[in-house]
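J.: Each chain, written out:
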Amino acid sequence: MSVSTLETAGGSDLFTAEARINGRVYRDAELFQRELERIWYRVWVYVGHESEVPTPGDFVRRQIGLQPVIMVRGQDGKVRVFYNRCRHRGNLLCLANKGHTAQFVCPYHGWTYANSGALLEPTFDEGYDYHLKREQFALTPVARQDSYRGLVFASVADDGQSLQQHLGAITEFLDLFMDLSPEGEIALDAGVQKVSYRGNWKYMPENSMEGDYHGPFIHRVAFDLYARRTGFDMSSLSTDEIPDVIRSLPGGHMVEDYRGAPFSPGKREPSPARIEYIEKMKARHGAEKARRMLTTLAPLLYVFPNLLYVITHIRVVQPVRVDLTNSYYYPVMLKGVPDEINDARLADHEFMFGAAGFVSPDDLEIMERNQVGMQARGHDWLFIGRGLHREHDMPDGGRGGMTRDETHLRGFWRHYVSLMRAER
Amino acid sequence: MIDRRAIEAFVYHEARLIDEMDYTGWFALWDRDGVYHVPIGGDALGAQRRQVSIINDDYLRLEQRVDRLKTGSVLAMAGQRGTMRRIVSNIEILDETSAGEVEIGSNFILGVARTAEQQLWIGRTLHRLRLAGESIRIARKTVLLINSAHETPLLQFLI
Chain Y
1 MSVSTLETAG
11 GSDLFTAEAR
21 INGRVYRDAE
31 LFQRELERIW
41 YRVWVYVGHE
51 SEVPTPGDFV
61 RRQIGLQPVI
71 MVRGQDGKVR
81 VFYNRCRHRG
91 NLLCLANKGH
101 TAQFVCPYHG
111 WTYANSGALL
121 EPTFDEGYDY
131 HLKREQFALT
141 PVARQDSYRG
151 LVFASVADDG
161 QSLQQHLGAI
171 TEFLDLFMDL
181 SPEGEIALDA
191 GVQKVSYRGN
201 WKYMPENSME
211 GDYHGPFIHR
221 VAFDLYARRT
231 GFDMSSLSTD
241 EIPDVIRSLP
251 GGHMVEDYRG
261 APFSPGKREP
271 SPARIEYIEK
281 MKARHGAEKA
291 RRMLTTLAPL
301 LYVFPNLLYV
311 ITHIRVVQPV
321 RVDLTNSYYY
331 PVMLKGVPDE
341 INDARLADHE
351 FMFGAAGFVS
361 PDDLEIMERN
371 QVGMQARGHD
381 WLFIGRGLHR
391 EHDMPDGGRG
401 GMTRDETHLR
411 GFWRHYVSLM
421 RAER
Chain P
1001 MIDRRAIEAF
1011 VYHEARLIDE
1021 MDYTGWFALW
1031 DRDGVYHVPI
1041 GGDALGAQRR
1051 QVSIINDDYL
1061 RLEQRVDRLK
1071 TGSVLAMAGQ
1081 RGTMRRIVSN
1091 IEILDETSAG
1101 EVEIGSNFIL
1111 GVARTAEQQL
1121 WIGRTLHRLR
1131 LAGESIRIAR
1141 KTVLLINSAH
1151 ETPLLQFLI
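Taken in sequence, the protein lines are chains Y and P.
When you line the first sequence up against my numbering, it's residues 1 to 424, in that order.
When you line the second sequence up against my numbering, it's residues 1001 to 1159, in that order.
Worth flagging that the hints you see were computed from the coordinates, not collected in a lab.
Hints may contain errors.
[Stated by the list, open to error] As a list, the in silico SDA-like pairs of lysine to any residue whose alpha-carbon atoms are at most 20 Å apart:
(1) Lys335(Y) x Thr1152(P)
(2) Lys98(Y) x Asn1147(P)
(3) Lys1070(P) x Ala227(Y)
(4) Lys1070(P) x Asn1107(P)
(5) Lys98(Y) x Gly1025(P)
(6) Lys98(Y) x Ile1146(P)
(7) Lys98(Y) x Thr1152(P)
(8) Lys78(Y) x Gly160(Y)
(9) Lys98(Y) x Gly65(Y)
The whole structure should be built from the sequences, with the hints applied where relevant.
T.: What follows is the structure in structure tokens.
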């Protein structure tokens, strides 16, 4: 691909004002490389939640784009994100996906680091020039790290927006799901489901945030089964189209805000645990806010580029190749609730999500078929124009649309193109 | 004394029913308090804490799983009839209780043909079977996939 073609490829012809997306964005390997440089290695990327490493020495392995990192709580209690690479000859330092350790020992030549990142032992160090200082060989921290309510983000770029600027208006919606805990704290301590699909990473945020449109077509049976099991009719959420359910926010973030769309009342009597939970929520938030929070879904949200909250869980999008993506589903447990509440959340999660769930596998199958469809190039444009004529500005700087509109997808793509075009 | 041949015949029969997607026949093998479990990770079985599974069905959920498959609406299973076969082997009787229950261990290799790929699923199955006269019912089936802790493709069939 020539330089001029690359410039065109990064330009506005990938997404037009008429809400058309060019098929190349899903299948072009060079665009994927460009995404790594201009998106994944520029912006804030979600790494993990502090509750995954509760005690000093706890660590998890993660990726920022294709770069391996470790999130570890040091002996001093501080959570840090390091590149997962030995300073000596660059071997992968930590192989385990998660664990607990006082020290990371490189398996290649035995260089040893404290869980705070400090180099403890370069082996056979009498053979090294005495001018070398151990401090010069500590694990390399990511360029920037920050957190919001326990959600740890990192950026491998030296400069750029602050995390606060990056998150912007989406914090209101992050608050709404984390405040489902009467203590205002969530815990990602119930494990993770890992799935893989043969499709582009961008299908995941797009598909995850437009369930009201595709739900009646691919999830109808699952919604019926769920209603029979729980008495809650999820399809009632999207029976009528409601203004401003669909939100695009500055920064490419997306929200499905159901505050104006209460559930049909449940048919079952609330359990004692549910009553206790409701009382605790009233005590924290007041009766009116608690009622509103508990009679509809918490917002579904997407924090650009890799973090989703979907009904029961935090979902991470992990690109592998232009046509291969991994995704990780972490059930969100609520602190300060009766065990039965979290048990029910986990049961709901297993009902819907993971490789053997009743909902998300249909999405993943659709994403794989989407990748196949993209090989047909006769008219190489996708159309995301639903509600284009009626979307409008919102006070938070974003745009609002009706329940099944594609307003938020357009916001995502506008932001995507602005990053892909930006000069470094 | 357990009739080992009857146990083996049951395990093979169950495998054939799910290979041939006879969902009604398979569901009829279960006792009404049955639990169908596909945990994540090797040490998940002994875990004290609440941990997410790939499948953790009680009898009601299991019935819903079967009902969903029977509707033919499961996208990943479109056109998949006749595309899977498993070999079950290494059958051992691991435990026998006075209540007429036996714990059976076995290994399996499952091939699934899909467009553009042939998947290989490998694992170990623990069957808790309830014996009463000639009848054998599944009280619990736990499937330990060797790749349960890794990224997996869709598991929209019975395992």
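J.: Now, for every hint given, state plainly whether the structure supports it.
T.: Quick rundown of the hints versus the structure:
1. Lys335(Y) x Thr1152(P): Since the Cα atoms of Lys335(Y) and Thr1152(P) sit roughly 30 Å apart, the hinted pair is violated (cutoff 20 Å).
2. Lys98(Y) x Asn1147(P): 16 Å, holds
3. Lys1070(P) x Ala227(Y): With Cα atoms ~18 Å apart, Lys1070(P) and Ala227(Y) stay inside 20 Å; holds.
4. Lys1070(P) x Asn1107(P): This hinted pair is violated, its Cα atoms lying about 27 Å apart.
5. Lys98(Y) x Gly1025(P): The hint is violated at about 41 Å.
6. Lys98(Y) x Ile1146(P): At roughly 18 Å apart (the allowed maximum being 20 Å), Ile1146(P) and Lys98(Y) satisfy the hint.
7. Lys98(Y) x Thr1152(P): 18 Å, holds
8. Lys78(Y) x Gly160(Y): At roughly 23 Å apart (the allowed maximum being 20 Å), Gly160(Y) and Lys78(Y) break the hint.
9. Lys98(Y) x Gly65(Y): At roughly 19 Å apart (the allowed maximum being 20 Å), Gly65(Y) and Lys98(Y) satisfy the hint.
Comparing the model with each numbered hint stated earlier shows that hints 1, 4, 5, 8 do not hold.
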